[in-house]
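Undergrad: Each chain, written out:
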Amino acid sequence: MITTLIRAVILYILVIFSVRLMGKRQLGELQPSELVITILVSNIATLPLEDTDIPLITGITPILALVCFEVLMSWVILRFPAMRKIISGKPKIVVRGGKPDDHALRELRLSMDDLKAALRSKDVFDFADVKYAIIETNGSISVLKEEENS
Amino acid sequence: MTRIKLSIAILILIFGVGFGSQIWINHKGSDITEIASQTEELFISGNKSQAIESAHLLGSEWENFRRYAGIFVRRNKLTEIDRLCARMESLAESDSEEILAELAELKKLIERDM
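The listed protein sequences derive, respectively, from chains F and B. Just so you know, we're using the working numbering here: the first sequence kicks off at 1 and counts up by one. Just so you know, we're using the working numbering here: the second sequence kicks off at 151 and counts up by one.
No lab work stands behind these hints, which were simulated from the structure alone.
The following label-pair restraints were derived from C-beta to C-beta distances: (1) B:GLU203 / F:TRP75: 57 to 63 angstroms; (2) F:THR3 / B:ILE162: 28 to 34 angstroms; (3) F:GLY23 / B:HIS206: 54 to 60 angstroms; (4) F:LEU5 / B:ASN214: 24 to 30 angstroms; (5) F:ILE86 / B:GLU191: 57 to 63 angstroms; (6) F:SER111 / B:LYS258: 57 to 63 angstroms.
Partial chain F-side listing against chain B, Cβ under 8 angstroms, derived: (7) LEU21; (8) GLY23; (9) ILE54; (10) ILE57; (11) CYS68; (12) LEU72; (13) TRP75.
Think of the CB as a built atom: it goes at the ideal place given N, C-alpha and C, for glycine as much as any other residue.
Could you put the whole structure together from the sequences, leaning on the hints where they help?
TA: So this is what it looks like as structure tokens:
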């Protein structure tokens, strides 16, 4: 029992350290690679807790390795913008001059209902009010309204 | 930039510990396998007293290794080898043929799991 408790404390400290190492970006909206790392780290951290036969280092090593790779990858993306396109993709314009782009929506596998819901979250209830709507690489939507543009 | 340097340092440390531990485990595993083979030969040749000494050495070498091996190897794998090593000396003293099968099993487990 005490072993499990000590392991839990160590892994807790490790996960907190990992999140801090990845930086504040991690706590905001996630890029695809960041989402993958977050899910992996949380799954790996549970393994040594569930099974005390597994050495703790078997949990610590992959967590630290993944987090460090993620930090290095974010630096590479910053340094080489072409890498950003490969790893994170590019933002896509889904509404142009009040007209939704069906082709772009199909590529993103978004329905019209999904688009309308996203626009409503930005207080937009009519396509005519939208000059541009862009789906960002982290899945969020950015809207430039007609009134803002003029 | 501090995060980058820290990440690189951690990765170097992880790789270093990983490679180092694997080399150490392989080296110790080979040593123990060699002692097991030596015990086997001594027992087959009828040299009982030396076979007992060798079995005793096998047990103590394993104990020394096991103390730190638990950091890197799953406990259930080590428990199986613990059981085998604990019996070696008594099997050698009782002149039991079973020791040969146990030594073979020990070598197989070390090669497979280490």
